[in-house]
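Sequence order for the protein chains is A and E. For what it's worth, the UniProt record's numbering labels the leading residue of the first sequence as 1, then goes sequentially. For what it's worth, the UniProt record's numbering labels the leading residue of the second sequence as 1, then goes sequentially.
Among the clues, some could well be false.
Derived DEER-like restraints, expressed as beta-carbon distance ranges [unchecked claim]:
1) E:Glu102 - A:Arg65: 37 to 43 Å
2) A:Gln187 - E:Ser44: 36 to 42 Å
3) A:Met118 - E:Glu14: 35 to 41 Å
Please keep in mind that the hints were generated in silico from the structure rather than gathered at the bench. A virtual CB, placed ideally from N, CA and C, is assigned to each residue, including glycine.
Protein chains: 2
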Amino acid sequence: MTGVADHTETDIRERILLTAERLFREIGYTKTTVADIAKHLRMSPANVYRFFDSKKAIHEGVARRLMGEVEAAALAITQKQGLPAADKLRELLAAVHRMNSERYVDDSKMHEMVAVAMVESWDVCIAHMQCIIGSFATVIAEGVEKGEFHVADVPTAAMCTCSSLVSFFHPQLIAEKKDMPGPTLEQQIEFAISSLSYRPAR
Amino acid sequence: MTGVADHTETDIRERILLTAERLFREIGYTKTTVADIAKHLRMSPANVYRFFDSKKAIHEGVARRLMGEVEAAALAITQKQGLPAADKLRELLAAVHRMNSERYVDDSKMHEMVAVAMVESWDVCIAHMQCIIGSFATVIAEGVEKGEFHVADVPTAAMCTCSSLVSFFHPQLIAEKKDMPGPTLEQQIEFAISSLSYRPAR
C-alpha cells in the first residue's frame, strides 16, 4: 500500500537527487557539500541525512538515475517490433554511445562525478554494464533466432560486442578519442555486426 | 660515418634511459629527479641535460624504448612465414596484450609513468598506436590476399580490430578489467577474427 506519506518521501528523495545532480553539474562533485544541497532545498542537512546517510549515497542515487535513463532507452529499443535484429542492434549501440557522451563527457563537471563513481561505486557501474550487456544479448538472441546472426554463445557474444565498442561507451575513452585517430562509430558498429553475422564453416 | 665519439654519445644516452627507467620503476616517475638520475650515473645533472633537455625528454625516451620493444615484437610476428593469416593475427593480438600488461600494468610505478605519458606525450602514444595498427593492417592484407579475410578497406579494418581489443591493450583498461565481468582475451580475439572472416552477401 502506497500512502500519501510514502509519496511525499519518494518526492523528497527525488528532489534531493535532482538538486544534487544540478549542483554536481554547476560546481562539481567535490565542491558540493550536503549542506549546499540542503540549503538549495530549504531544508536542514539533518533532514537530507534522513534520506541519504552520506554524500556517497546521494552520489550513487544520482549515478543510478542517470544510468537508469540509459537502461530504459536500451530496453525500449530491444522491444521495438518489425526491425531486423541487425538494425535494432545498430540503433541500440549508437544510442548507448550518444547517451553516454551527452551524460558524462560533454559536461566536464559530470566527468568528475563519473571518475568518482568508478572509484567509489564500482558495483553500481558493474550492475549498469551488466544491464546494458543484457540488452545486447536480447537483440543478439533475436538475430540468432531469425538466422541473421550465427553465434553459438549469446552471453559471450554480447560481452564481446560491448567490449568491442568500449572506446565509444567508456566516458574516459570517449573523451580521449577526440584527439585520436580511430574508426568512426559507424565503422566500429559494422565491425561488430560482421562478427555476429559470420557463419563458421562446419 | 659513425665515429667512436658518436658511439659513446649513443651509449651515454642509452645508459641515462636505462637508469631513468629503473628509477621510475623503483621510486616512481614523479619522485625521480634529473639529479637522482645523474647521481646514479655518477655524472653531473648538467651532463645529463647535454643529452636530454628536460625530465620530460628523458621520460619520452624511456616511453619510446618500451614502446619500441613492443613494435619490434609485432614486426617480427608479421614477418613469420608459413602461418595462416588468422593464426598470425591471433599471435600478434595476444602478444600486444601480454607485452602491454607486463610493461605498464603489473608494475604500479610504471602505471604512473604511462599516465604521465598519456597527458604529456600524447603524440608519442599516437605514433606508437599507428605503428601497432600498421602491423595489424599488414597481416589483415595478407589474409585478404589469401582469401581468409573479406574486408574491403584494410586500414579501417585494422583500426576497428585495434579498437575492438582496446580493453586488452589500453594500460588503464587492463588494470580496470581485473575487477570486471567481461570476455576473455581469446574470446575477444575470436570476435575480431570472425568479423574479418565475414563475407558479405553480394
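Here is how each hint holds up against the structure:
Roughly 41 Å separates the CB atoms of Glu102 of chain E and Arg65 of chain A, a value that falls within the hinted 37 to 43 Å. A C-beta distance of roughly 53 Å is found between Gln187 of chain A and Ser44 of chain E, which places it outside the suggested range of 36 to 42 Å. At about 39 Å, the beta-carbon gap between Met118 of chain A and Glu14 of chain E stays in the expected band of 35 to 41 Å.
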